[in-house]
Amino acid sequence: MLQTKPEDEAGGEIAEATDDALYCSDCGHLITRTSWQISRRGDHAHTVFNPAGQLFQIGCYSDAPGATPGGDTSTEFTWFPGYAWRIALCGSCGRHMGWQFLGDDDFFGLITDHLSDTKT
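So for the sequence shown, our numbering puts the first residue at 37; every next one is plus one.
FYI, nobody ran anything at the bench for these hints, they're computed from the structure.
Some clues are possibly wrong.
Under the rule of at most 20 Å between Cα atoms (straight-line distance), these lysine to aspartate or glutamate pairs were calculated in the EDC-like manner [what the hints assert, rightly or not]: (1) 155 / 56; (2) 155 / 55; (3) 155 / 99; (4) 155 / 79.
Now the in silico label distances, taken between C-beta atoms and shown as ranges [said to hold, decoys possible]: (5) 55 / 88: 30 to 38 Å; (6) 132 / 81: 15 to 23 Å; (7) 140 / 79: 14 to 22 Å; (8) 56 / 89: 29 to 37 Å.
All residues carry an ideal CB built from backbone N, CA and C; glycine is no exception.
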């Protein structure tokens, strides 16, 4: 939901949005919101790598309605013990956005470089 602040300190109107939306940095599709940031293993942000040695900066989110999870779930090489994972793609352009983690309380680990606070 777009939120706006109705007045500034001088009593004038402010047109600037205070929206917390995060978009796919390729196509501008709404993926998640900063208000949905959560902490896992003691932090929201994590630096992780896959078995091929690719390094990722990810942020954890309670929901990402604009990301489409797919593929088989796996517990191999999980970054979050007790959680299975599967890939999550942009629901519009198909870009790899991160992973959905499935466990007691599902969440998304989204690649921070693939998110933008500006709709393209």
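Checked hints:
no., hint, verdict
1, 155 / 56, "holds, 11 Å"
2, 155 / 55, "holds, 11 Å"
3, 155 / 99, "holds, 19 Å"
4, 155 / 79, "violated, 26 Å"
5, 55 / 88: 30 to 38 Å, "holds, 36 Å"
6, 132 / 81: 15 to 23 Å, "holds, 18 Å"
7, 140 / 79: 14 to 22 Å, "holds, 19 Å"
8, 56 / 89: 29 to 37 Å, "holds, 33 Å"
Comparing the model with each numbered hint stated earlier shows that hint 4 is the single one that does not hold.
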